[in-house]
Each structure stands twice: as C-alpha cells, then as structure tokens.
Amino acid sequence: MKTAPLLLPLLLLASGLSACAGVSAAAARAPIAAVALDWPATGKPLDHVEAFQNQALKVGLISLQGGARMPEHASPLPVLLTAASGRGTVTTSSGSYALDPAHAVFLPGGAQHAVIAQAGEVLRIAVVAIDPSSPVTGG
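To convert, note that position 84 of the sequence shown is 84 in our numbering; the numbers rise steadily by one, no gaps.
Derived from the structure by calculation, the hints contain no laboratory data. Each hint should be verified, as a subset may be incorrect.
[Unchecked claim] Derived DEER-like restraints, expressed as beta-carbon distance ranges:
| id | residue 1 | residue 2 | range |
| --- | --- | --- | --- |
| 1 | Lys44 | Glu72 | 17 to 23 Å |
| 2 | His48 | Phe106 | 15 to 21 Å |
| 3 | Ala102 | Ala41 | 33 to 39 Å |
| 4 | Ser133 | Gly66 | 33 to 39 Å |
| 5 | His48 | Ala98 | 18 to 24 Å |
| 6 | Ala41 | Pro132 | 31 to 37 Å |
| 7 | Pro40 | Ala119 | 27 to 33 Å |
| 8 | Pro76 | Val49 | 17 to 23 Å |
| 9 | Gly43 | Ser133 | 35 to 41 Å |
| 10 | Thr42 | Pro71 | 15 to 21 Å |
| 11 | Pro71 | Glu121 | 15 to 21 Å |
| 12 | Thr91 | Pro135 | 18 to 24 Å |
Predicted, not measured: the structure shown is a model, and the values here were computed from it. Cβ coordinates follow ideal geometry from the N, Cα and C atoms, glycine included.
Whenever a hint applies, use it, and build me the whole structure from the sequences.
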C-alpha cells in the first residue's frame, strides 16, 4: 500500500508546530518529524501502533477492518484523524462525520467519539495528537 500521500500532510503539520513556537521562517519550513507509516496488519478487527512521539506530537496508526467499530472514547489532547485508505464515520455528540482520504476530522481534547469502518473496506487512520501545553507548540 502506498503511504506517501499521507506523509506530506504530517510533515507540513510538523513544520507548522515549529512555526507556532516562534522559530525562524527558514527553520519552520524544515520538517521536525518524518514518520514511517508501518500500518498494523494483524487482521484483527481493530489494531493500533504508535508510530511517533515526542514532547509535542504523537502519531498513532489504526487499522479497522470493514464493519469494525472503535468503541466510544476520548483523547485528553486535541487530535486530527486522517484516513490513508478506506472509508468510515466518526460519531460524536454533535453529529457524524465522513472519514476517508478526502475528509479529515479534528476533535478537541476530551471529545467523546467512536469510529466505524465501512463494510468491505479496511480503514487506515493516522491519529495526530498535539500537546498545546508543550514548549514546542508555544504553550
């Protein structure tokens, strides 16, 4: 599976973190994190690996088999959910949102949510959590 299209947004996000921290414009364009996207492939209905973590950024990779549901939960940190492949739905108290390669979902810290993969498709999700209190993000 090709993962390069997802790598660019993660590099841009990482570069944006350095910009938030008041780093020079030239330094802000240089990536501060390059994440290898080795998707979990155990065939379990729900599988997760931590791909990267530093003091400001955490990237997790999730594979949801078609029809599988990630139970309702919340992250204490704000998260951005992006799909590299497959389609699914993120449900929150405020509604349901499409999650696929053309749609990302941002959730503030503490937001209860669940994720359901569309039947017949493996949904591969990169979860990017940013710690706003980190000195790297300007907190």
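* Beta-carbon spacing of Pro71 to Glu121 - inside the hinted bounds 15 to 21 Å or not -> Given range 15 to 21 Å: holds, Cβ gap about 19 Å.
* Per the hint of 17 to 23 Å, is the separation of the Cβ atoms of Lys44 and Glu72 within bounds? -> 19 Å, holds
* Asked: Taking 18 to 24 Å as the hint, is the beta-carbon distance of His48 and Ala98 inside that range?
  -> 21 Å, holds
* Is the distance from the Cβ of Pro76 to the Cβ of Val49 consistent with 17 to 23 Å? -> Because 20 Å falls inside the window, the suggested range holds.
* Asked: Is it true that the C-beta distance of Gly43 to Ser133 lies inside 35 to 41 Å, as the hint says?
  -> Check passed, 38 Å falls within 35 to 41 Å.
* To do: Given the range 33 to 39 Å, decide if the beta-carbon distance of Ala102 to Ala41 lies inside it.
  => Cβ of Ala102 to Cβ of Ala41: about 24 Å, so the range 33 to 39 Å is violated.
* Range hint 31 to 37 Å (beta carbons of Ala41 and Pro132) holds or violated -> 33 Å, holds
* **Pairwise beta carbon distance, Thr91 to Pro135, judged against the given window 18 to 24 Å** => Given a distance of about 34 Å, which is not inside 18 to 24 Å, the answer is violated.
* Asked: Is the gap between the beta carbons of Pro40 and Ala119 within 27 to 33 Å?
  -> Because 20 Å falls outside the window, the suggested range is violated.
* Is 33 to 39 Å a correct range for the gap between the Cβ atoms of Ser133 and Gly66? -> With Cβ atoms ~38 Å apart, the hint holds.
* Asked: Is it true that the C-beta distance of His48 to Phe106 lies inside 15 to 21 Å, as the hint says?
  -> Holds, since His48 and Phe106 (Cβ atoms, about 19 Å apart) stay within the stated range.
* To do: May I ask you to test the hint 15 to 21 Å on the CB atoms belonging to Thr42 and Pro71?
  => 18 Å, holds
The structure shown violates the earlier hints numbered 3, 7 and 12.
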